[in-house]
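Asks: Sequence:
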Amino acid sequence: MASGLSPGGHLPLLYLPGSSQPLLETFAILRRLAKRAGQYGVDEERDYMADAAADATVEFRYALLDCAFGSPEAKEAYVTSPQKRRHFYIVTEALLQRFGGSGPHAVGSSSSFADAVVFSVLWDDAALYGLDKELWSANPKLAGFFRAYMAQQPVLGWCRGMRADLCDAATAAGAAPHL
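Under our numbering, read the sequence shown as residues 1 to 179, first letter to last.
Simulated from the structure, these hints should not be mistaken for lab results. Beta carbons: idealized from backbone N, C-alpha and C, even for Gly.
Think about it this way: if two alpha-carbon atoms lie no more than 25 Å apart in a straight line, the pair counts; the simulated DSS-like pairs of lysine-lysine are: (1) K75 with K133; (2) K133 with K84; (3) K84 with K141.
Pair by pair, the computed Cβ-Cβ distance ranges are: (4) D168 with L16: 30 to 38 Å; (5) L16 with G103: 23 to 31 Å; (6) A37 with V91: 26 to 34 Å; (7) A74 with K35: 33 to 41 Å; (8) E44 with D165: 37 to 45 Å; (9) I90 with L128: 17 to 25 Å; (10) S137 with Q21: 41 to 49 Å.
Could you put the whole structure together from the sequences, leaning on the hints where they help?
Replies: Below is the structure:
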C-alpha cells in the first residue's frame, strides 16, 4: 500500500477502537478477534486444530488466486490437474473428518476462526469455477460444512448479496443434491 501502513503492501488492515496502528495479515487478525471473543487461546488442542485447518487453506488460496489472475493455462491446470482443485477438496475433507467438524464448524462443535477461513476459500472457488457436483459428492463432510456455514443468516445474507445464483445452486436439492 502506498501509505506504508502494511509492510507487505497488501490488505487486510483492521483498526481496533483506540488503536493507532492497524492489525495486519488475515489469519493474525482473525486469531486476535477470536481471542477477544473468548474463542481462541483457551484450549490448546482446539487452537491447534483451528490453526491447522486454516493453514491448510493457504496453498489452496494461492493456487486459486494464481489461476484467477493468471493465464488461461493456469485456470485449466487448476480445474483439471489432480494436484490442484481436486487435491485441495480431498485434503480439506480429510481435515474436517480428522478434527471432528460438525455443522457449520470446521473444528469440533463450536465456532472458530477456521470456519470463516475454510468457507471463504470454498466460496471463492465456487464463485470463480462453479459447483462441481462430482467434487462435492466425493467430499460429503466438506459439502455439509459449506451448506451449514452458508445457511447461517448473516452469512447467507452476505452470500445472497454477492451471488444469489450461487446460493440457490448450492442449496437447491435439484441443482446440487449433495450441497
